[in-house]
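Since the structure of chain A is provided, determine the placement of chains B and C on it from the hints.
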Amino acid sequence: MANDNIIEIKNISKSFGDKCILKDVSISVKKGEFLTLLGPSGCGKTTLLRILAGFGSADSGEILINGKDITNVPPHERPVNTVFQRYALFPHLDVYENIAFGLKLQKVPTDEIDRRVRKVLKMVSMTDYEDRDVDSLSGGQQQRVAIARAIVNQPQVLLLDEPLSALDLKMRKDMQIELKEMHRKLGITFIYVTHDQEEALTLSDTIVVLDDGVIQQIGTPTDIYNEPQNSFVADFIGESNILNGRMIKDRLVEFAGHEFECVDEGFGENVDVDVVVRPEDIYIMNKVDNAQIVGKVKSCTFKGVHYEMFVDTDKGYELMIQDYNAFEPDTEVGLIIRPADIQVMHKERTRNVYEGEMTDDTHVKFMNGEFECLPQEGLSAGDKVTVEVDFSKVELIDHPEDGVLQGEVYFLLYKGDHYHLTVRTDDREHIWVDTNDIWDKGDLVGINIAPTDIKINRRHE
Amino acid sequence: MKRFFAQCYIWLLLIVLYAPIVFIAVFSFTESKVLGNWTGFSTKLYANLFTGNMQGTGSLMSAIENTLIIALIAATVSTILGTIAAIGIHNMRGRAKHAITFLNNIPMLNPDIITGVSLFLLFVFLHVSQGYVTVVLAHITFCTPYVVLSVLPKLTQMNPNIYEAALDLGATPFQALRKVLMPMLKPGMISGFILAFTMSLDDFAVTFFTRGTIGLDTLSTYIYTDARKGGLTPELRPMITIMFVGILLLLLIINIRKIRNSNQQAA
Amino acid sequence: MNKRSSWALPYAIFLVLFVALPLILIMVYAFQDSSGSFTFANFTKFFTDADAIGTFALSLEVAIENTAICILLGYPAAWILANRKLNRSAVTIVLFIMPMWINALMRTLATAELFHMVGIQLGKGTLLVGMVYDYLPFMIYPIYNILNKMDKSYAEAAADLGATPWQVFWKVQVPLSMPGVVSGIMMVFMPTVSTFAISEFLTNNKIKLFGTIIQENINSSMWNYGAALSLIMLVIIGITTLLQDNNKENSGVIV
Chain A
212 MANDNIIEIK NISKSFGDKC ILKDVSISVK KGEFLTLLGP SGCGKTTLLR ILAGFGSADS
272 GEILINGKDI TNVPPHERPV NTVFQRYALF PHLDVYENIA FGLKLQKVPT DEIDRRVRKV
332 LKMVSMTDYE DRDVDSLSGG QQQRVAIARA IVNQPQVLLL DEPLSALDLK MRKDMQIELK
392 EMHRKLGITF IYVTHDQEEA LTLSDTIVVL DDGVIQQIGT PTDIYNEPQN SFVADFIGES
452 NILNGRMIKD RLVEFAGHEF ECVDEGFGEN VDVDVVVRPE DIYIMNKVDN AQIVGKVKSC
512 TFKGVHYEMF VDTDKGYELM IQDYNAFEPD TEVGLIIRPA DIQVMHKERT RNVYEGEMTD
572 DTHVKFMNGE FECLPQEGLS AGDKVTVEVD FSKVELIDHP EDGVLQGEVY FLLYKGDHYH
632 LTVRTDDREH IWVDTNDIWD KGDLVGINIA PTDIKINRRH E
Chain B
49 MKRFFAQCYI WLLLIVLYAP IVFIAVFSFT ESKVLGNWTG FSTKLYANLF TGNMQGTGSL
109 MSAIENTLII ALIAATVSTI LGTIAAIGIH NMRGRAKHAI TFLNNIPMLN PDIITGVSLF
169 LLFVFLHVSQ GYVTVVLAHI TFCTPYVVLS VLPKLTQMNP NIYEAALDLG ATPFQALRKV
229 LMPMLKPGMI SGFILAFTMS LDDFAVTFFT RGTIGLDTLS TYIYTDARKG GLTPELRPMI
289 TIMFVGILLL LLIINIRKIR NSNQQAA
Chain C
422 MNKRSSWALP YAIFLVLFVA LPLILIMVYA FQDSSGSFTF ANFTKFFTDA DAIGTFALSL
482 EVAIENTAIC ILLGYPAAWI LANRKLNRSA VTIVLFIMPM WINALMRTLA TAELFHMVGI
542 QLGKGTLLVG MVYDYLPFMI YPIYNILNKM DKSYAEAAAD LGATPWQVFW KVQVPLSMPG
602 VVSGIMMVFM PTVSTFAISE FLTNNKIKLF GTIIQENINS SMWNYGAALS LIMLVIIGIT
662 TLLQDNNKEN SGVIV
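Sequence order for the protein chains is A, B and C. The opening position of the first sequence corresponds to residue 212 in our numbering, with each subsequent residue numbered one higher. The opening position of the second sequence corresponds to residue 49 in our numbering, with each subsequent residue numbered one higher. The opening position of the third sequence corresponds to residue 422 in our numbering, with each subsequent residue numbered one higher.
The shape of chain A in the complex, shown without the other chains:
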């Protein structure tokens, strides 16, 4: 079987207790590829890396390296080496001994150890440091030693767990360039974990965006940036305007109160979609005659290279725009968006849908909470039902204890004229909410739903 995939991750799932960390994750990694696992903290990327290295085990699924199943191979027998987040250099050994550690265990002859250690020291530009105590090195130097210690063993795959996160900004930029260069020279596969989207875009051949244990998108940096597949990716990578829209027909989409030509086809007619427009793709000008959207500048901030402006449109939307020219607040402006710069995405969901059960004819239980509903004819306690609730009909309140359910604001998205929140309940269920109120990520909230807003249908097995 000819296959140039060095690693095959197949259907890996993992939970800690009832907390699901990875859900059915599958990734193929090509030989020599620089692959980045990107996601916010707690998304499962480090867990996945640890499973690859052999420090953790998956609940289900398998991992192949060079076509060989290594799911049950202990870490010291895997052809991979790791650069740890906080380096994990051995403090009782000096720089040379740290790097030689793996080779000594393999009983490599002393003169060869010497040769190889010197070679990698040169590669990471640490030649004069071999006798130094690791604690006396700066963060950047420790970083280099950690990389040297891993690559001296000539692994087929190098795993890097946020290796630059402990460095300051300037150092991080320099190390990014060095890492890329090192990857080119060594020609081995790098699997890189980070939460820094800029780092991922700079370094990677392929980016895997993870959130909440689920792969959101796999693609090249350009794909991921230009054609995000869902609103999470669009929001996480770079800055963007994400708006509710409607695909009127092929190549015609309506959002922000206007109809726009676009290049997308095959969504169907009159279908709800999400629309992404990058702030640098909106043209802003003084003339309002031939503009697609007109509005008034609300704020304007200089960002070093460009200006970042927020414009209130006449249809009540707020858009972020980046441009090299500044437009003072309160200036009347016109906006134009090119068809190719409009990215249309399928909506992941259009309303909240849950499986539930009637507890009596005016109460229904779903998401582990019991809600009052309108009297349901023909349904009695114990009947299995499907419950639907519109995003805008979920009521969030300040005092969690006053809600039927308690939860935490887990993710929020500004959609131009309202916020779209993902709220995670204490039982780790999700409910999506459209609101004009301002909440912050991490806010604890109570969740209520009015009886008239709960739609119930009998569920047939």
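I should point out that these hints are in silico values taken from the structure, not numbers from a laboratory. Small disclaimer: the values here were computed from a predicted structure and weren't measured. Any given hint might turn out to be false.
What the hints assert, rightly or not - Listed next, the in silico EDC-like pairs over lysine to aspartate or glutamate satisfying Cα-Cα at most 16 Å (straight line):
#, chain 1, residue 1, chain 2, residue 2
1, B, LYS227, A, ASP305
2, B, LYS227, A, GLU539
3, B, LYS277, C, GLU534
Said to hold, decoys possible - Facing chain A, a subset of chain B residues (Cβ under 7 Å, in silico):
#, residue
4, HIS138
5, GLY179
6, GLU212
7, ASP216
8, LEU217
9, MET230
10, PRO231
Claimed, not checked - Listed next, the stretches of chain C that the computed footprint assigns to chain B, with coverage defined by at least 3 CB atoms under 8 Å from CB atoms of chain B:
#, region
11, 431-437
12, 450-456
13, 491-499
14, 649-660
Ideal Cβ placement from N, Cα and C applies to all residues, glycine included.
The following block gives chains B and C in isolation, referenced to the frame of chain A:
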């Protein structure tokens, strides 16, 4: 002026603190049977101690021997048991960890007499005849917690990825333990060992309750029985003096070194 | 990961056998008569015996007095040491700790002999002085430790906000050093309340403390009564420990 009084206070306390020891040291250079009765300068007690030429030599010497051997065994076993336990405890979570640290704290909080009585009752209950073995077991019981507490902080300070880094570089779990974990835990193990050793040397109450009736004596129980009989073996005086001078020198050397090192690092 | 937590298993078994079980046995024996049947007799015996109650009260009294004297003498000493230049204070603190390395019984015996030679009658006075002498270093060390580690900027901040040196001491440094005082109290009170040999030496066996009664009962095979007395002491220890738990802060053990 304030400074002067402060200095005086410290020195006064020290003089009071050292008076009895100096007292013993002074009277180790006279032959009198009763402490406090000066019968002229003599080094005979020292000579007796080293030549073994005295009454009851055998029992004092064997008491010293017992004390040292018991302390050595107890400290060694405690260090091994405690270090392994500390690694285990460090990797535990939740209720089990709580329970074991709670149990581990008990021997340190309990007064010696309670530890002694409770272990005495255990050996009675299990019908174990008491002697050398029970004393050693008892000493391990109250020494190990100190080792655990000396090693645990070293584990918490350690980068959690260190052990994994060793595995990642090809070490088997055993090699990772021997080549990485152990060297890093060594300072904690050494201070744990020293602590255990001195606790064992100094113990009286626990030994007293667990030594049984076979006539096993450590230095502490020997002194106790001796004093209760009314007379204190005069040769104990030079022995205490030697012990004290030894400890004095040892501590001074350690501390001077420490200070010198910290000065060097500061420079 | 899970595998390595099992390393604690041997010690866990050891702890159950040599720490938990013996304590349970104290309770079991305390509620049994010599034939092994359940009884409260051991406790009624204690609570109706005026002598025993008297000894118990005296033990508590001596322990409290000793602890109080140790704080009064030890706090100023720790304070002076902590405010000295670093190198000198390090040497002096070692001087304070060093006597503890000498066998405690031997030191106590020497103290008693010293009293004897100077012609002081052995009794409650000598008992207290001897105990203070034995336990003072245990009070000085933890207090010194916490004062020494204390961030000087607290005092400076207080002074900056208008506190006089006296107010800085009472309102900032004393409260902040309380954890050290508490662990000093633990290290002094616990051993004094349970001591037996030391009190015998220092009073020439004239004054009996609670520990001595426990020892005598166990030695004369009155195990059940001895266990009951031990249990009463355990309760005292438990209460003290709970009191200090509210003030939790480790100031380290002495090496």
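Please name the hints from earlier in the document that this structure breaks, with their numbers sorted from lowest to highest.
2, 4, 5, 9 and 12
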